[in-house]
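Enquirer: If you want the building blocks of each chain, they are given just below.
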Amino acid sequence: MSDYVSLKDLTLAYDKTVAVDRLNLDIHKGELIALLGPSGCGKTTTMRAIAGLLTPRSGTVHIDGRDVTRMPPSRREVGLVFQSYALFPHLSVFENVAFGLRLRREPDLKTKVMDGLATVGLTEFADRQPADLSGGQQQRVSLARSLVMHPKVLLLDEPLSNLDARLRLEMRTELQRVQRETGITMVFVTHDQAEALALADRIVLMRNGAIEQIGSAEEIYNAPVSGFAADFMGFETILPGETGGGLAWRPGAVVLGHGPHQGEIRGASFAGERREYVLESAFGTIKADVPVSETRFEIGQQVAFDLPRESAVELARID
Amino acid sequence: MFENRAIGLALVLPAAIFAAALFLLPVGILLSEAFQTESGWSVSAYGEFFASPRNQTVFFRTLKLASLVAGVSAVIGYAAAFAIVNLPASSRGRMFGLVTLPLMISPVARTYAWLVILGRTGFVNKILVDLGITETPIRILFTETAVFIGLLQLFLPLMIISLVSAMENMPRDAVPAARILGANWLQVFVRVILPLTREGLVIGGTLVFTGSMTAYITPAILGGSKVLMLETLLYQRVTVANDFVSASVIAMILIVMSFSANLLLKRLATARKSR
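Sequence order for the protein chains is H and D.
Start counting the first sequence at 1; every next residue gets the next number (UniProt numbering).
Start counting the second sequence at 1; every next residue gets the next number (UniProt numbering).
I should point out that these hints are in silico values taken from the structure, not numbers from a laboratory.
Incorrect hints may appear among the rest.
Stated by the list, open to error - Partner residues are not named here, just some residues of chain H that face chain D (Cβ under 10 angstroms, in silico): (1) Y14; (2) R75; (3) P151.
Note that the Cβ used here is the ideal one computed from N, Cα and C, for glycine as well.
Just need the whole structure built from these sequences, with the hints factored in.
Expert: Here you go:
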């Protein structure tokens, strides 16, 4: 089962603009995959193609060994939790969760719906209307509505982006729990690297309709392959290396106060345990942060700094 | 809204007086004629009106054509509205403009165009004869079919506009969500689109039904005296027969039918919703 969901040479386009160009991706059964990238990178388009909401210009989509490329979404056995939740406002919470089960004419409807609501902790909301629920609750209804169908793949579009910080952590834990308990294959789309790092077994970093890098959270975080990947993973200073490729430093790796280079402090801000500085130098703009216990620098001050070779990450490409 | 209610009242008063004196009062006088006989107040004029087989035919024809136009425009309207809402934003505006364009052309001009198209030597008959479907041109003008076509073309934009705005208010991903949950297109329509656009359908349906029922130019030109509708019959009673009693009876019937159509559609919409 190394290729439970398999995308081969997938090309997707809206009218004349190609959104995804010959993308190849294999997803294992039970895996939690994040499609990560900035807006316009093709991550949502790829997800919609797996769901069948978009017909590829070329290439194929296989789910569990079946070629579903030309199959309508209704027959693909996938679930999708929309960013907007997409609950049916004219139906109660119970009927929203029952929607797909009714279409399948499943027996024991009531038990299955209530079990689904229990999974997301909303049994007492069964008779409410979606409009009476908070955003977080609506999302859980949307999750339950998909889960009761026992889809082969559960797709989630920016599942945490509409929630406030506290709910975000709650939902993240919830998704991990559901995934652990059901063993379902999950693909979620996000533009937030922290979300992807925290949740995903594997991260698919996308750029301009193609895959930039695939790897575990630690692999991508510690060994980005390109300037783009490094930038997305929080490396703020990226410079070309002597032997081609590049070197990248996180703000925390920059040494301030001594070193061979000179720069001028252009910005300084307090961030709890650390102080963040922006300095202008011969290398361009450099971001650094140092513990508040160290010497404090003022805006306009000239400081020496160092970009230590040993704390840099080597990049295969600088772009 | 106003600190002093009197100011608000004073602002409404001129318009209210205008409407009462120049609209409600004359209409009231006109309509009351239908209840006046030599021996006093009575509804006998209505009995006499419906006793005539010709009037019955006209009444049921009007009801039938108006319902048919409303029904068919709903079917075409849903398809057109769905297509328009799903267009990319740039071409959506253009398409919507194209749909509403006929509303900016005089109904007289539009109806005369149908005379040319549907006539014995018109475009439609030419194709039918050329294709060998009929040997001689068939009669389309001055039939119910011609009136139906004319009314449909006249009022379809109103239905499309109502349904487009209703569909734009649907949650953005409701339709794809239903499809992913296993609904085919028919199920998507019945279980999601229809319930969520009911109010638009009621508004569009009322506009098209009352519009078709009270249209004068289209049935007059395309139906003539062969296919009388209530409105053309009313005109005929007044101008040809100088029969103001029948005319006000017809006017009353039209008013009652318009209101009932709206009430009925609203009832249908709410009855389903509370289920």
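Enquirer: Compare the structure with the hints numbered earlier in the document and write down the numbers of the violated ones, lowest to highest.
Expert: No hint contradicted; all consistent.
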